[in-house]
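Which chain is which? The protein sequence lines are F and H, in order. Here the first sequence stands for residues 1 to 431, numbered as in the UniProt record's numbering. Here the second sequence stands for residues 1 to 418, numbered as in the UniProt record's numbering.
Treat each hint with caution, since some may be false.
What the hints assert, rightly or not - Below, simulated DSBU-like cross-link-like pairs (lysine-lysine); rule was C-alpha separation at most 35 Å, straight line:
1. F:198 with H:193
2. H:193 with F:86
3. H:193 with F:383
4. H:193 with H:320
Quick caveat, the hints were computed from the structure, so don't treat them as lab data. These numbers come from a predicted model, not from an experiment.
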Amino acid sequence: MLPAGCSRRLLAELRDALDACAERQRQLERSLRVSRRLLRVWEPAEPPAPEPTPGPKTNEEAGSPARTPSPQDLKELELLTQALEKAVQVRKGLSKTGERDRASSLKSGSVASPATTASAPLHTSGRGGSQASETKPPRGIRRTTVPAKGFPEHRLLSVGDRTCMGRGARAAKPGPGLRDQQIAPSAASQSPEAFTLKEKGILLQLPMAFRKAASQNSRLWAQLSSTETGDSMDAAITAKTQFLHKMQSGWPGSGLSAAEVEREVGRLRKACSLLRLRMGEELTADPKDWMQEYRCLLTLEGLQAIAGQCLHRLQELHAAVMGQQLVPWPEGRLPSAPSFCGGGTDTIWSPQLLLYSSTQELQTLASLRLWVAMLDQQIHLEKVLMAELLPLVSTQKPRGPRWLALCRAVHSLLCEGGEHFLTILRDTPAN
Amino acid sequence: MGRRRRRVDRADAAGALPAAIAALSRTLPGGPSPETFRRAKFDRPEAAPALWRLLFCVLSPVPADGAAASPAPVAQARLVKSELRSQGYPRGSLARLPEDGSQGSRELLLALSWLLARGPLLEQLLAQTRVRLGDEMPVCECEALASPGPPAPHVEADGCVDVRHLQWLMGKLRFRWRNLIASQQEQCALLGKIHSYTRGCHSDHSLGHLSVAEAELLRDPEGGRQLLQRLESENARLEAALEWRRRELVFWQWMDTVLGACPPDASQPTFLPRIPARGASELELVAQELQALQEELRKAAEPRRAAWEARVGGWGPEWKAAQRASEEAVRQELAALQRSWEHGGGLAQPHGPHRLVRSEAGMLGGPGLPAAKVITVLRSRKACLEVALRQLQGQCRQELARLAGALPGFIWIPPPGR
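With the hints as constraints, model all of the structure from the sequences given.
Next up, the structure:
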């Protein structure tokens, strides 16, 4: 058993770490749920009440015509449809391997004659539209304006894809008008295809009201981030400075606040790891000539001096904390990871763009981010464990089996990341 | 003279001040009534509860969604006091206010103004609750740091635990990280699909494709309607913030009179003496690290210096010039290194939330940060952390070997691969 104080501190640290991890997982699960749902067949927000009577066009092939198809059935049907479509595509020699994306964008290009209400041209990707309509017959894609409550401009696509149906999708068409309801309630008579992002995502268009609001939003954020100042703003800055100054007077300004101490210590921690990194580079470098050797020596000495300055600053901070009874890192705020970007000094409030070129690149980026977070946490825990456990090992007197077990556990936790164990053999000399 | 000044103030206040205060109210979370500010000037108790709530909202680490139950007034007041203190709030009168939230509206108004005057508070608040339309990925960890908020209060009734319990918890942690990485990979794959399936659908050509939120709004019109509402109310707040910027000068002139009407802050804030255990131990950890580093550097540099001095005894003047050049180069290099951690950092490290945009290989180069660049930064950061971790583990290995060495009669066999 570990002593009570040690147990309490270590448990608190580990729980913080586990909680932080669980919170990330929760956030991730939430977005995974949404993304997965988007990539399945789009279903209505509220599942429609199961209809007691089958619709007019009962589907014999589906097996059980009297009931509404279950999501599983729908999924299987969807797969079947996809397979059939693909087969047709392959036969037509349209889809070259590795060009699925292109193929789907060509499809959208082929929308030359929208049937009814589509007066606004569909937003095409602008590539090869005309060629596409030469190679393929235009498909009757119709655009319906759904008078949804409170969202009048909201458009949904109802894709009466006759070509597709002709290619065998009819056989797989699910039961009574459910799809109609899913996709465009007002277009029930058209019996449109199931909507999947993969097949028809390229036809989507954001509603006008939303587009307006979004562009206004980004314009406003840009204005807020802009640093341009006028006379009145300069005057306001002066007024604010004076106000702060007046507030401060009457209190002996002994300088630092706890938040500033936290920031400074964070900086020093960052300094320490950068210095260490630089030292590593210098020690592994192989100087080619005397000059390089001399520079290496100077660098090492310089790093040593900087480390000394950092230590000095830390002592000052320590004195401030003790002298002013500051409480940095109050309960609930983790001191673990130093922010490496020097964050918080920015004036850009709206998100910038991050361009990635492939899924793989995105995955690399995301997993590196997690690795960095994990290592930050590991290092923090390592230090905490070292501070608590090493003294225990060195002070416990009875060096019996219990001590050995502790040693083994501590060795595993501290030196092997908890993944491997040390073997201890009793070396009894043969008599 | 005093009278004339007052008259001028009154004339200003006739139109500009209410407008400025109204813009401020509309920007602040929860939109407090402008009347609250006027009442607070006269320290009216009825304005106090609203201001405590507002300050709590502004200072609490997790942006209150409104959905989450806000804590009792006493807890709110405590958090406000401790948070203001930790940020270095200078007036002690605030710390002496009763915690039931019934009094002190003028002090609270001063505190709020202090926060406003110090920095971009409104912008931060707006950014915290920003409607996220894009698929975002922070490129650094400072956002993740801020997000978890206060951990659920654990009941610390455990007493002593065995080291095996710690091992179990560490194992659990490793498992969670592994899960997290796997889920993250899946999420990226899904994002990639959604982005490429909706290519060309966005009205904004620099974005090109839809984000999850945008696709979701088309899938679920009801959710879309709510998103639109949130976006519109954010736009209203942003407009109010911009208006506040244009008008705030008169507010600060008014606050001057509020401050003037206050009795001087009699004494320095008095707080219960408390030993800042965690803070001190955190400082201690960094100090140990720095000391260890300094010692290692000394051990590396001293013999080199000695060897060097022995060798260069009688070198000529041309060597002196080269030597000076080297010294200057190293000095500059180290100064750059030092700048990278001081005040914001000299290296322009990518920072903050970024909207993910899938861009075909040939089309990179528009406005935006290429992922490859972030990957490079993260790789070197990861390498740096791995070195640090290995170094700590090595230190532990040495320490344990030293302890084990004092114990004869046992053979220690480290796990394979070491």
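Now for the hints, and whether the structure bears them out:
Distance hint between residue 198 of chain F and residue 193 of chain H is fulfilled; the C-alpha atoms sit about 8 Å from each other, no more than 35 Å. This hinted pair checks out: residue 193 of chain H and residue 86 of chain F have alpha carbons roughly 18 Å apart, not beyond 35 Å. This hinted pair does not check out: residue 193 of chain H and residue 383 of chain F have alpha carbons roughly 41 Å apart, beyond 35 Å. Annotation: proposed proximity of residue 193 of chain H to residue 320 of chain H is violated, straight-line Cα distance about 63 Å (limit 35 Å).
Of the numbered hints listed earlier, those contradicted by the structure are 3 and 4.
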